[in-house]
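**Student:** Each chain, letter by letter, is given below.
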Amino acid sequence: MNDAAQFFDIKAIRAQFPILSEKIRGKDLVFLDSAASAQKPRAVIDAMVHAMEHQYANIHRGLHWMSERTTEAYELTRDAVARLLNARDRSEIVFVRNTTEAINLLAHSYGRAIMKPGQAVVISAMEHHSNIVPWQMLRDAHGIELRVAPITDAGELDMAAFEALLADGRVGLVAITHMSNVLGTYIPAERIVAIAHAHGAKVMLDGSQSIVHRRIDVQALDADFFVFTGHKLYGPTGIGVLWGRRELLDAMPPFLGGGDMISSVSFERSTWADTPHKFEAGTPAIIEGIGLHAAIQFVEAIGYPAIAAHEAALTEHALAKMSAIEGVTVIGRAQDRGGVVSFTLDRAHAHDVATLLDRQGIAVRAGQHCAEPLMRRLGLDSTARASFGIYTTHEEIDALADTLTRIREFFA
Amino acid sequence: MFEDVRDLYNAAILERGRRPHHMSKLAAFDATAKGDNPMCGDRVTVWLKYAPDGRIAETGFDARGCEISKASADLMVEAVQGQAPADTRAMFERFRQMAQTGDCPACAAFAPLAPLAAVHAYPSRIKCATLPWHALLAALEGTTNATSES
Chain S
26 MNDAAQFFDI
36 KAIRAQFPIL
46 SEKIRGKDLV
56 FLDSAASAQK
66 PRAVIDAMVH
76 AMEHQYANIH
86 RGLHWMSERT
96 TEAYELTRDA
106 VARLLNARDR
116 SEIVFVRNTT
126 EAINLLAHSY
136 GRAIMKPGQA
146 VVISAMEHHS
156 NIVPWQMLRD
166 AHGIELRVAP
176 ITDAGELDMA
186 AFEALLADGR
196 VGLVAITHMS
206 NVLGTYIPAE
216 RIVAIAHAHG
226 AKVMLDGSQS
236 IVHRRIDVQA
246 LDADFFVFTG
256 HKLYGPTGIG
266 VLWGRRELLD
276 AMPPFLGGGD
286 MISSVSFERS
296 TWADTPHKFE
306 AGTPAIIEGI
316 GLHAAIQFVE
326 AIGYPAIAAH
336 EAALTEHALA
346 KMSAIEGVTV
356 IGRAQDRGGV
366 VSFTLDRAHA
376 HDVATLLDRQ
386 GIAVRAGQHC
396 AEPLMRRLGL
406 DSTARASFGI
416 YTTHEEIDAL
426 ADTLTRIREF
436 FA
Chain L
9 MFEDVRDLYN
19 AAILERGRRP
29 HHMSKLAAFD
39 ATAKGDNPMC
49 GDRVTVWLKY
59 APDGRIAETG
69 FDARGCEISK
79 ASADLMVEAV
89 QGQAPADTRA
99 MFERFRQMAQ
109 TGDCPACAAF
119 APLAPLAAVH
129 AYPSRIKCAT
139 LPWHALLAAL
149 EGTTNATSES
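The listed protein sequences derive, respectively, from chains S and L. Numbering-wise (this note's numbering), the first sequence opens with residue 26 and increments by one. Numbering-wise (this note's numbering), the second sequence opens with residue 9 and increments by one.
With the rest of the complex left out, here is chain L:
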């Protein structure tokens, strides 16, 4: 019955959404921020730890929400591992473009995020996929709250 949703609800998303690999708070962290989509009820908290050279050494998250937001958060943690903040911001811009259009320029650079490419065909769910990134960028900026609903 649901073969037509396998583009988004693929094996990788179902696995990550239901059994995230990185859904835990960091014992020690340098920055944290919350993402909150009050209209739909999704919430995510992101914790960051920097390496001495300023790159992202470790990321953890806690999420209350749908499969898409949790899977996106989990994949994001791996994608930004070892990245400098500026590169992380650039990666988010590419990810956002992919989520909105399905096009994936320089996709090889973040192959781990490719399972989310089909979300563009589900317009009301794009904000689920981008919420963890808004929280991550808020943490990078040193602010504490973010949303992907506006």
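Here chain S stands alone, though its shape is the one from the complex:
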């Protein structure tokens, strides 16, 4: 029995995910691609269907029963997210479509209005494209320098080099992944925030991967912005979150203009609604927002201590199993790492590995994982990646390892 099994009943958890009983070409689905997008529990599916069947209208504007009830349900999600992140106030929660939109909002609004040409943004060498490209666009449009903090060969942030990048005091913002989607590395977020603040820089943490596995406390982290997406946290697509300190959000201009984000509009001028609504133009993802609430309740019912223990046990098991297979190289050896394991096989390209795994019902991702600069840094053109969720079992990792051994024989 593993540690995690003492905390929760994996069979009971799996039973809540209808898709896990699907067969792939007659074989059991072994879903090891949760870092790309997680599967959805019954509670999320039911909450969304229930809303559409019983409680749906546009929000924030109707004077009728349906609109009032739907607004209430949608806004309860804001409270749930505020509690999830331990935000000081619900007004610090801005709903967006996904992490990518959250970072674009920051780059556009904070980057162009608060940062001054000549200042710099620091990212790391292990960012997802979504935390690279918006800053390049800011650099090119607004004269902001983009600096890249290197990683070590083990796949950890090079802390000395990171601190050196901040030494001249020109860095306005550090925008960095909290957990790498390729290497599984957790960065030492508290230290990074402390170093950044000591040099006068704000910090945005990309929590797309980390919030799935670990309790996030934005006050304890002392971060300035935290972004994540709902669909990796067992919620629907189309709903994500930007959390920011209220005083920072208040100082920032809107990103998109339109309905729902205004206080008053005339043809001469318009005034904005207060934070967070000034960032939420147009009819939002109402059903998806309600689904996210159900996802948060699902996660909190299991509890982060159990989730984190499960992830740690799975990761330890996977690293041991994978390292024991001849010809398999695990990419990234960070001390503090989570349930994302990238690997290469000596005799076959990652795409061919993924195709053969798929034929056994095992879903992994293969390619550059939206992190082309990291691939280049690692000297690789692609890797295969197994990533774990709350429903992943040790037996599924064993199936992956056994099949990899057979794939290596196939390509002998």
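None of these hints come from the bench; they were simulated from the model. Certain hints may be false.
[Said to hold, decoys possible] Now the in silico label distances, taken between C-beta atoms and shown as ranges:
| no. | chain 1 | residue 1 | chain 2 | residue 2 | range |
| --- | --- | --- | --- | --- | --- |
| 1 | L | Arg72 | S | Ala61 | 40 to 46 Å |
| 2 | S | Ala276 | L | Asp70 | 48 to 54 Å |
| 3 | S | Leu54 | L | Gly90 | 44 to 50 Å |
| 4 | L | Thr152 | S | Asp247 | 46 to 52 Å |
| 5 | S | Gly51 | L | Arg72 | 33 to 39 Å |
[As the list claims (entries may be wrong)] Derived pair list, reagent style SDA-like, types lysine to any residue, alpha-carbon separation capped at 20 Å:
| no. | chain 1 | residue 1 | chain 2 | residue 2 |
| --- | --- | --- | --- | --- |
| 6 | L | Lys33 | L | Glu66 |
| 7 | S | Lys48 | L | Asp12 |
| 8 | L | Lys42 | S | Glu397 |
| 9 | S | Lys52 | L | Val13 |
| 10 | S | Lys48 | L | Val13 |
| 11 | S | Lys52 | L | Ala129 |
| 12 | S | Lys346 | S | Arg433 |
| 13 | S | Lys52 | L | Glu11 |
| 14 | S | Lys346 | S | Arg358 |
| 15 | S | Lys52 | L | Met9 |
| 16 | S | Lys52 | L | Phe10 |
| 17 | L | Lys42 | S | Asp406 |
| 18 | S | Lys52 | L | Asp12 |
| 19 | S | Lys346 | S | Glu421 |
| 20 | L | Lys42 | S | Leu405 |
| 21 | L | Lys33 | L | Leu145 |
| 22 | S | Lys48 | L | Glu11 |
| 23 | S | Lys141 | S | Ala192 |
| 24 | S | Lys48 | L | Leu145 |
| 25 | S | Lys48 | L | Met9 |
| 26 | L | Lys42 | S | His224 |
| 27 | S | Lys48 | L | Ala129 |
| 28 | S | Lys52 | L | Tyr130 |
| 29 | S | Lys52 | L | Arg14 |
| 30 | S | Lys48 | L | Phe10 |
| 31 | S | Lys48 | L | Tyr130 |
| 32 | L | Lys42 | L | Leu145 |
Backbone N, C-alpha and C define an ideal beta-carbon position, used for all residues, glycine too.
Since chain S is already given, all that's left is putting chain L on it; use the hints.
**Tutor:** Coordinates of chain L only, in the frame set by chain S:
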């Protein structure tokens, strides 16, 4: 365990993917182009040399990618040998149809490419098979870059 993938990972593909016959740069060439699939990481470079009558005299390639893309590039080199550019374009259209549907009209005309017919049953891999052709056609058109991801 993997008998069901032998349709695509057949002897010809495994041989060509792992030990391509034509994977080298031409010492002298008239045209070259790169094919790049940034989402998956596959890259291929194609070099062409024309005969005095405008037909393809020689083709070479370099590839970084999976078995399917390398085997496809290697088989392509033989299929287009001695072909006029217009015939090469027509051959690509037939090849693309075969890769997408499994049907192989006028298949006898390019029997060397038949080992790739099963790729249609692997939708996410079709772009691997067609990438070298996109690069080849770019070289024929005199452009330098191509992709099969869009």
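**Student:** Going through the numbered hints above, which ones does this structure break? Give me the numbers in ascending order.
**Tutor:** Result: hints 1, 24, 26 break, sorted rising.
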